[in-house]
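Student: Top line first, the protein sequences correspond to chains L and R.
Going by the working numbering, the first sequence opens with residue 1, and the numbers climb by one from there.
Going by the working numbering, the second sequence opens with residue 1, and the numbers climb by one from there.
The hints are simulated quantities; they were obtained by calculation from the structure and are not laboratory data.
The beta carbon of each residue, even a glycine, is placed where N, CA and C say it ideally should be.
There's no promise every hint is true.
If you want a taste of the chain L side facing chain R, the calculated C-beta under 7 Å gives, among others [stated by the list, open to error]: (1) D13; (2) F33; (3) L41; (4) L44; (5) E45; (6) S48; (7) Y61.
For lysine-lysine, the following BS3-like pairs were computed, each having C-alpha atoms within a straight-line distance of at most 25 Å [what the hints assert, rightly or not]: (8) K274(R) x K35(L); (9) K307(R) x K274(R); (10) K34(L) x K460(R); (11) K274(R) x K320(R); (12) K17(L) x K34(L); (13) K35(L) x K260(R); (14) K260(R) x K320(R); (15) K35(L) x K529(R); (16) K34(L) x K96(R); (17) K560(R) x K450(R); (18) K34(L) x K515(R); (19) K278(R) x K35(L); (20) K34(L) x K278(R); (21) K35(L) x K515(R); (22) K307(R) x K278(R); (23) K529(R) x K550(R); (24) K451(R) x K550(R); (25) K17(L) x K278(R); (26) K408(R) x K171(R); (27) K550(R) x K477(R); (28) K34(L) x K550(R); (29) K107(R) x K96(R); (30) K278(R) x K260(R); (31) K35(L) x K550(R); (32) K107(R) x K34(L).
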Amino acid sequence: MRTLEQTTQEVLDLAVKHFQLPAGSLAPGDDFFKKLGIDSLQTLEMLSRLENHFGIELPDYEVQGVSDFRTLAERIQSRL
Amino acid sequence: MLDLSQYQSIGQALKDSLDQFANEVCLIEADREREKERLTYRDFKARAHPPAKALQGAGFSVGDRASIIMTNQSKWLISAYAVFFSGGVLVPLDYKLTPEEQWQLLKHSGASVLITEYPIWRQLSGSAGRSAATDLHTVLVTEAPANADLAGARRWEESREAGEPVFVPRKRHDTACIVYSSGTGGRPKGCMMTHENYLEQCVALTSIYPFWPGVRYLSILPTNHAIDFMVGFFGPFTCGATVVHLRTLRPEYVRDAFPKYKITYVSLVPLVLKNLQKGLQARFDALPSGKRKVFNALVAVNKALTKSQPRLGISRRLLKQVHEAFGGELRAIIVGGAFTEPQTLQFFYDLGIPVANGYGLTEAGTAITVNDLKPFRADTVGKPLPGMEIRIVSAASDGVGEVIVRSKTVMSGYLNDPELTAETIVDGWLQTGDLGRIDETGHLLLSGRKKNMIVTEEGKNIYPEDIETVFESLPVKEFCVFAANYIWPKRSMVGERLVLVVHLEPGQQYSEELKRDINARNNRLLNYKRIHGVVLFDEDFPRTASLKIKRNMLAERLAKFDSAAAILPL
Numbered sequence: 001m002r003t004l005e006q007t008t009q010e011v012l013d014l015a016v017k018h019f020q021l022p023a024g025s026l027a028p029g030d031d032f033f034k035k036l037g038i039d040s041l042q043t044l045e046m047l048s049r050l051e052n053h054f055g056i057e058l059p060d061y062e063v064q065g066v067s068d069f070r071t072l073a074e075r076i077q078s079r080l
Numbered sequence: 001m002l003d004l005s006q007y008q009s010i011g012q013a014l015k016d017s018l019d020q021f022a023n024e025v026c027l028i029e030a031d032r033e034r035e036k037e038r039l040t041y042r043d044f045k046a047r048a049h050p051p052a053k054a055l056q057g058a059g060f061s062v063g064d065r066a067s068i069i070m071t072n073q074s075k076w077l078i079s080a081y082a083v084f085f086s087g088g089v090l091v092p093l094d095y096k097l098t099p100e101e102q103w104q105l106l107k108h109s110g111a112s113v114l115i116t117e118y119p120i121w122r123q124l125s126g127s128a129g130r131s132a133a134t135d136l137h138t139v140l141v142t143e144a145p146a147n148a149d150l151a152g153a154r155r156w157e158e159s160r161e162a163g164e165p166v167f168v169p170r171k172r173h174d175t176a177c178i179v180y181s182s183g184t185g186g187r188p189k190g191c192m193m194t195h196e197n198y199l200e201q202c203v204a205l206t207s208i209y210p211f212w213p214g215v216r217y218l219s220i221l222p223t224n225h226a227i228d229f230m231v232g233f234f235g236p237f238t239c240g241a242t243v244v245h246l247r248t249l250r251p252e253y254v255r256d257a258f259p260k261y262k263i264t265y266v267s268l269v270p271l272v273l274k275n276l277q278k279g280l281q282a283r284f285d286a287l288p289s290g291k292r293k294v295f296n297a298l299v300a301v302n303k304a305l306t307k308s309q310p311r312l313g314i315s316r317r318l319l320k321q322v323h324e325a326f327g328g329e330l331r332a333i334i335v336g337g338a339f340t341e342p343q344t345l346q347f348f349y350d351l352g353i354p355v356a357n358g359y360g361l362t363e364a365g366t367a368i369t370v371n372d373l374k375p376f377r378a379d380t381v382g383k384p385l386p387g388m389e390i391r392i393v394s395a396a397s398d399g400v401g402e403v404i405v406r407s408k409t410v411m412s413g414y415l416n417d418p419e420l421t422a423e424t425i426v427d428g429w430l431q432t433g434d435l436g437r438i439d440e441t442g443h444l445l446l447s448g449r450k451k452n453m454i455v456t457e458e459g460k461n462i463y464p465e466d467i468e469t470v471f472e473s474l475p476v477k478e479f480c481v482f483a484a485n486y487i488w489p490k491r492s493m494v495g496e497r498l499v500l501v502v503h504l505e506p507g508q509q510y511s512e513e514l515k516r517d518i519n520a521r522n523n524r525l526l527n528y529k530r531i532h533g534v535v536l537f538d539e540d541f542p543r544t545a546s547l548k549i550k551r552n553m554l555a556e557r558l559a560k561f562d563s564a565a566a567i568l569p570l
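Chain L with its partners taken away, still in its complex shape (with noise of 0.2 Å):
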């Protein structure tokens, strides 16, 4: 099972790698939109590569309203 830091980590480095940012250029408390500058739609696109990576379902309830990366990771920690 793996901790909270452990996946808010992994969803920091998937950003990473979706957006193709350096590593590292991404903290938890990153507020997404402003962060890399998406808009809703591409933030949808991401957390199709994390239930992905993740095995898991998002319902867009569960989404609604978060903009950072570390309440996202929570979500999808209680989902796991």
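Following the hints, position chain R against chain L.
Tutor: For chain R alone, coordinates are given in the frame of chain L:
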């Protein structure tokens, strides 16, 4: 289609539709690759009568208000039907608002019933705003887990009372819905829409974009939105068509839904349409050069053949792969909620996919103008719908002035706000606050806004007054948020921005620390509500006797500044 001119109310028309089209499929609900529901109109009726009976059993009666806060799904429409059947007034609220905002609007609307989904209720019931909505006495919650704490709510699925509910008739001029055209903050704008507003709008829209049994509409825009309510509920239902709901709006599932359900119409906001364009363009660009040349040639042929009118059959044969990706039966993409750039409209039209763009306001009952495709024009928002009178007033020498509208689809007024109603509807004419002109062919060309608001590409209306709370107690003498185009009218419908006007204390500097404070507060706002710059103003703001800022007067003074130099980036 039902002859809606013979009907008095939404409830009566929907009731007859369920009988007339009993064997047709009315709803399909899918969650990812799984189809969860497929209901005929007969099934719909069987599903809707128990909640209607439950509402009536809870004392809900004629004119009472019931709010729905749900994502797009079959229970949204079933619940709305139950409300109309019982003679109630529907208050559709945006599920994307924060719980505090939702409570504020529930309070303002005076709703006595709330129908919502468990995940939304979980957040709502824990919010401090709950105590404010004192009129609310019944909450029905869908899809609650077996051992969930319902916090005083009842399970929607347990509405199984015996016996038939009683149909409660309403008249054309009675209020059918209270629709909030702006978020919250200082002054919620609750548009009181009558049954006549919807009946007339439906007749006008379907005269240009018809529905019939077999048509499948993909519902993506939230159903609380005026467009989806009309073309994703009332319109298709009164024509016996099918509405497809997706519980997950991830791009890949939306993409799959087109071929899977052979979609006929879909409504999108400009942002999503633009994303779709980007995706398609990337695929075209990736074609090997030989194929690319052939493809470009086919697009050119299609363009020439559809110059005067769309020819779906020809376009589908010429550009087979593109059309097959959309299911092969797409007749038009309806786009609304915000301004769409002509280049995007042209891109789709050249592929043989007409985009039904138009112009509308909640206050005017969804759409005022729509592109009738005779011929397609990317540079306008189309012609007035049947029954719409449009005038341009206070026009400048180039013919551009404020657009005003008179029609049976215009709301009766704002709830509990006679002052704002009187400012907005003058001698029966709705003052839209939008600037435009009408060309010699009768098409409306929009060119800017004169009101203090912006509309995002996602179709959200943002009123600066509503976002000022986040800057409260900012250590400056006074501040005010404006739409930049309200101060410096710009002849453009895109790239609208908000600015924070700041009056510093005597001797105070615009320091890095203050800038950091402004940035930190700004970051607390949802991304589309954020300000884009600061304007420093060194005089006292003009105010009324009750100390409210005279925004129009302040804007006039600010207008004397050069906008490029005055707006300091964050």
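Student: When you check the alpha-carbon spacing of K307(R) and K278(R), does it fall within 25 Å?
Tutor: Given pair K307(R), K278(R) holds - Cα atoms ~24 Å apart, limit 25 Å.
Student: Is the hinted pair K307(R) and K274(R) satisfied, with a Cα-Cα distance of at most 25 Å?
Tutor: Cα-Cα ~23 Å, so holds.
Student: Are the Cα positions of K34(L) and K278(R) separated by 25 Å at most?
Tutor: The hint holds at about 21 Å.
Student: Below or equal to 25 Å on CA atoms is what counts here, so check K274(R) against K320(R).
Tutor: 22 Å, holds
Student: Are the Cα atoms of K550(R) and K477(R) separated by 25 Å or less?
Tutor: Measuring from Cα to Cα gives roughly 16 Å; hence the hint holds.
Student: Taken at face value, is the distance from the CA of K34(L) to the CA of K107(R) at most 25 Å?
Tutor: 33 Å, violated
Student: Measuring from the C-beta of L41(L) to each C-beta in chain R, is the shortest one below 7 Å?
Tutor: 5 Å, holds
Student: For a C-alpha distance cap of 25 Å, please report whether K35(L) and K529(R) respect it.
Tutor: Holds: K35(L) and K529(R) sit about 16 Å apart, inside 25 Å.
Student: Please verify whether K274(R) and K35(L) have alpha carbons no more than 25 Å apart.
Tutor: 22 Å, holds
Student: Can the restraint linking K17(L) and K34(L) be considered satisfied, given a maximum Cα separation of 25 Å?
Tutor: Holds, because 17 Å separates the two Cα atoms, which is no more than 25 Å.
Student: Verify the proposed pairing of K451(R) with K550(R), using a straight-line Cα cut of 25 Å.
Tutor: Between K451(R) and K550(R) the Cα gap is close to 14 Å, so the pair holds against 25 Å.
Student: Does K460(R) lie within 25 Å of K34(L) when you go C-alpha to C-alpha?
Tutor: 18 Å, holds
When the structure is compared with the earlier hints, violations turn up for hints 1, 13, 28, 31 and 32 and for no others.
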